[in-house]
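Chemist: Each chain is listed here by its residues.
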Amino acid sequence: MKKRFLLSVMIIGSLLLAACSSSQSSAGNKGNKDYPKRPIELVVPFGEGSASDTFARKYAEIMSKDMDQPLQPVNKDGSGGLVGMVYAHGQANDGYTVLEVTPSHVIADVLGTGKNMKFLEEFEPIARIQEDIYVLSVPANSKIKDFDNLVKMGKEKEISFAGVSPGGLDDLTLNALADATGMKVKFVPYGSGSEVKAAVLGGEVDVYLDKLINTVNYIKDGKVRPMVVLNDKRITQIDELKDTPTTVEKGYDVTIGSWRGFVVKKGTPQEVKDYLLEQVKKAYETEEYKKFNEDSLTNIRDSFLEPEEFKKAMQEDYKVFDKVAKQTGLKK
Amino acid sequence: MDFQLLLDGLLTTISPVNLLLVFAGMLIGVFFGSLPGISSSMGIVLMLPFTYYMGILPSIILLVALYAGSSYGGSITAILFNTPGTPESVATTFDGYPMTKQGKAGRALSLAISASAFGGVFSVLIMLFLAPPLSTIALKIQSAEYFALTVLGLIVIASIGTKSPLKAISSGLIGIMIALIGMDPMVGVDRFTFGHIELMNGLEMIPIMIGAFALAEVLNQVTERHNQINVDKKVSLETVKLIDMIKYKWVLLKSAVIGTVIGILPGTGGSIASIVSYGEAIRSSKNKERFGQGEEEGVVAPETANNAAAGGAMIPTLVLGIPGSPTTAIILAALALQGLQPGPQLMSDQPLMLYCIFFSMLIASVTVFIGGRIGVKAFAAILKLPYSILGTLIVLLSMVGSYAVGNSMFNVWIMFLFGIIGYFMKKYHFSPAALILGLVLGPMMEENLRRQLLVTNGDYLSFITRPISAVILLFAIVALFYPVIAKAVKNRKNSNGDVSSNM
Amino acid sequence: MGEVIFHVFLIIVMGLFFKDSFAITSGRSADPIGPAGFPQTLLIIIIVLLLISLFKAIRKLKSGEGKGEPLNLNFAYFGLLLGIIVFIILNDLISFTLATIVFTFFLFWMLGQKRYVRMFVQSILVAVVFTLVFGKVLSVPLPRGMGILKELTYFLY
Chain A
1 MKKRFLLSVM IIGSLLLAAC SSSQSSAGNK GNKDYPKRPI ELVVPFGEGS ASDTFARKYA
61 EIMSKDMDQP LQPVNKDGSG GLVGMVYAHG QANDGYTVLE VTPSHVIADV LGTGKNMKFL
121 EEFEPIARIQ EDIYVLSVPA NSKIKDFDNL VKMGKEKEIS FAGVSPGGLD DLTLNALADA
181 TGMKVKFVPY GSGSEVKAAV LGGEVDVYLD KLINTVNYIK DGKVRPMVVL NDKRITQIDE
241 LKDTPTTVEK GYDVTIGSWR GFVVKKGTPQ EVKDYLLEQV KKAYETEEYK KFNEDSLTNI
301 RDSFLEPEEF KKAMQEDYKV FDKVAKQTGL KK
Chain B
1001 MDFQLLLDGL LTTISPVNLL LVFAGMLIGV FFGSLPGISS SMGIVLMLPF TYYMGILPSI
1061 ILLVALYAGS SYGGSITAIL FNTPGTPESV ATTFDGYPMT KQGKAGRALS LAISASAFGG
1121 VFSVLIMLFL APPLSTIALK IQSAEYFALT VLGLIVIASI GTKSPLKAIS SGLIGIMIAL
1181 IGMDPMVGVD RFTFGHIELM NGLEMIPIMI GAFALAEVLN QVTERHNQIN VDKKVSLETV
1241 KLIDMIKYKW VLLKSAVIGT VIGILPGTGG SIASIVSYGE AIRSSKNKER FGQGEEEGVV
1301 APETANNAAA GGAMIPTLVL GIPGSPTTAI ILAALALQGL QPGPQLMSDQ PLMLYCIFFS
1361 MLIASVTVFI GGRIGVKAFA AILKLPYSIL GTLIVLLSMV GSYAVGNSMF NVWIMFLFGI
1421 IGYFMKKYHF SPAALILGLV LGPMMEENLR RQLLVTNGDY LSFITRPISA VILLFAIVAL
1481 FYPVIAKAVK NRKNSNGDVS SNM
Chain C
2001 MGEVIFHVFL IIVMGLFFKD SFAITSGRSA DPIGPAGFPQ TLLIIIIVLL LISLFKAIRK
2061 LKSGEGKGEP LNLNFAYFGL LLGIIVFIIL NDLISFTLAT IVFTFFLFWM LGQKRYVRMF
2121 VQSILVAVVF TLVFGKVLSV PLPRGMGILK ELTYFLY
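Chains as they are written, first to last, in the numbering used here: chain A, 1 to 332; chain B, 1001 to 1503; chain C, 2001 to 2157.
Just chain A, same shape as in the assembly:
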């Protein structure tokens, strides 16, 4: 009796093992390159369902279609992207760990929140892929008429605006704009994007700063009115924003937006980086990605940057954030 039990368990066990191993090996029959031999981990340093997560999952899915081994997204959420970064830094620099990055990581460098770990020094860029544009708007029933009116009012009294994470991108972006225009602003932080929206629609704050995609839907529904787009060129692709001025038009050079890209740990072999860049590029050219990019309204700026340019762009961002952070007292 006992023996039979033992035997059946072993059979089941070995069957399970066989089933798993065969499903793994069937994927990797194209070519015999050294890399990648096993799935590559894509560290998503934000929570499930966030915009960065959605992007990373979609992109990983598209990239994996053309790769011997899949790119597997893994969420390591926390501390504005730092937890994921620390995790990725703790892995070997063999190219099996790719990190998704956003301006939050540059900001962490500026504010020194990563303690001894400097993002810009410890990681090497693969490519910047997507870029978002910010729009400033007000609730539909607000007294503020247009951007000039807003600036005028802002000089007289403090304008409150909602955003997520104090000292984060929302905070720094609006402060940069406030600094350029001479407005006085008060940042009111909320726990999540949905609480920000509820606060705006409920009228707890004066202005609303959010990404294009989120704002456009509320404009369409008549819930908010756009004031200004943080961009250099007019956005003619979207009807609702045709008549909205841009910051550069108004004479303020503040065009900070959010972006998303991939990096690997310093010291990753050049062949590996080349391979990843090539795959990223291929995925970028697919119809599927173009459709996704169009749907999420991230196709307005030409966002793709190769490693060298990406690095330069991040260094530029660093300077901008550094300046704003010092002015607002976030950095001493």
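Watch out, some of these pointers could steer you wrong.
What the hints assert, rightly or not - Label pairs and their calculated CB-CB ranges:
no. : chain 1 : residue 1 : chain 2 : residue 2 : range
1   : B       : Y1052     : C       : L2051     : 58 to 64 Å
2   : C       : V2137     : A       : K152      : 55 to 61 Å
3   : B       : R1492     : C       : G2015     : 41 to 47 Å
4   : C       : M2146     : A       : R234      : 55 to 61 Å
5   : A       : Q91       : C       : V2048     : 45 to 51 Å
6   : C       : L2152     : B       : N1287     : 54 to 60 Å
7   : B       : G1371     : A       : K312      : 57 to 63 Å
8   : C       : M2146     : A       : D34       : 17 to 23 Å
It should be emphasised that the hints constitute simulated quantities derived from the structure, not laboratory data.
Just so it is clear, the structure is predicted and the values come from calculations on it, not from any experiment.
We treat Cβ as the ideally placed atom computed from N, Cα and C, and that holds for glycine.
Could you slot chains B and C onto chain A? The hints should help.
Modeler: Showing chains B and C alone in chain A's frame:
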């Protein structure tokens, strides 16, 4: 309300493939919900790759059924092992597990199912008929009201763990304190991180919860009596007759309303809904001292509320494009992956969607009810395993579940630490339950208090000049002093009685 | 006695938090309460409450009724805690699956099972099921251990 669309929605949802998706989603939801550390949000993320190929309506049908199922699944492990599978089911452990210890696991589970089903059905009906006006009202709830709500929730602490209110309150406040570790919500500076990056994001609630409840209970069992450490061996598989539920009609109704309303508010969710309705159940009960000792209303109230919250959370998600809970945020993200843009235009762009969601959640709730009643016996039978196996499985589940929360060993250490703390807390009559309540409500309390003051430039009076906030705070004060008042009234009556008898 | 010690422990921990609360930088000013205000108020209340509770516990101890039920921190208690520590460490050394086999076997033995062959088989079964359910079905990135074991785990999850 469009009857043609209602009919179309029904027909779409009960087409064979979609109906199968409802059942599948429900089952997967129950499964994910019952595993500690695996949240319904994670379940939905895992389902994403499948939804890519399904089209919008089938995907949403699958995902909302999963959502509806998961809020029930959490209660299974909460009742059987004192291991809340999801934060929403913490309050279910307060009376559910004592019932199991008394050998009434079957009854507790079937109460939970019936209550869940009622909450689920109630909230989707509200969603169908009252979604637009309710979401407008929801926008009136701002920082001041959220603060008032957390105060109301925290009052519960004083009423649970009645053996020593002093220790219960201390436990609750310590819970709030632990929740404050990490980045400050208003200015973003470090607090109590002692220089560790892992602590910057604060401690995760789920590992603490699993530690303080599940691991602490295992420790308790192994020290209590070696070998013969099982809960009452005679596990009764007796279930509840439907007719019995009528006894709880007021608790059911109140909890369903509380659950739906709290579910609508973004940034809150099932966990707060279940705590508030548990508190309300205690307040209105005649047998307050029986709560925490296996009182049936103590299972009914939180389970109704957390399922109602799931339906409630769909309301602002659909009407305003503002997710009412983290899980609905991920459902929206799933729709975005299919090229559908979430926002207030969702209902006009996809008129059929509301009805499909309605029917999917309705059918899921009803099948949870029917299937669950059959499944109860199977679940409760797990308790017949010898404790050497059961205990091992609980410990393993606790550890893997804690790890899965952030995919990090750090969380397992946290679970371990709070297992030990939880054990001693219970031994010395502190209240782990109050600790968790503080943990859930604390950060919301501080954040909204400070935000209201920031927005109003330091106007403390604004909490009572805003009508909704004032009403909630009034409720809180009444709830706080109710026991005292009730006692005074009772004493007076008694003494009057004595006097009259003496005469 | 234990109750008094636990109180003292909690008070010390809260005291440490209180001490650390002075290290909180105020950053830029935002709201009137500030980042340190709320926790400090809270900590003062907690410490006062705990002191009252401690006082009560000591009085109970002196009056002799504080015996209560003895703690009975037995072999199983410490065995379990030690087992968990070893398990956590083993995870990063020899992969989740192997660590789970060892840990499960240990727990079975400690909780009183005697039939070693059956325990061994059951341990393997539990480990494989957990690995497959969490690692494969739920795609939780379980620890893979080091060296050759790390490579091997890719066949399983």
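Chemist: The structure should be examined with respect to each hint, and the outcome stated for every one.
Modeler: Evaluation of the provided hints:
1. B:Y1052 with C:L2051: 58 to 64 Å: holds (59 Å)
2. C:V2137 with A:K152: 55 to 61 Å: Holds, since C:V2137 and A:K152 (Cβ atoms, about 59 Å apart) stay within the stated range.
3. B:R1492 with C:G2015: 41 to 47 Å: Because 44 Å falls inside the window, the suggested range holds.
4. C:M2146 with A:R234: 55 to 61 Å: Hint holds: Cβ distance 56 Å, inside 55 to 61 Å.
5. A:Q91 with C:V2048: 45 to 51 Å: holds (47 Å)
6. C:L2152 with B:N1287: 54 to 60 Å: The hint (54 to 60 Å, Cβ to Cβ) holds, given that C:L2152 and B:N1287 are roughly 58 Å apart.
7. B:G1371 with A:K312: 57 to 63 Å: holds (59 Å)
8. C:M2146 with A:D34: 17 to 23 Å: Holds: the Cβ-Cβ distance is about 21 Å, inside 17 to 23 Å.
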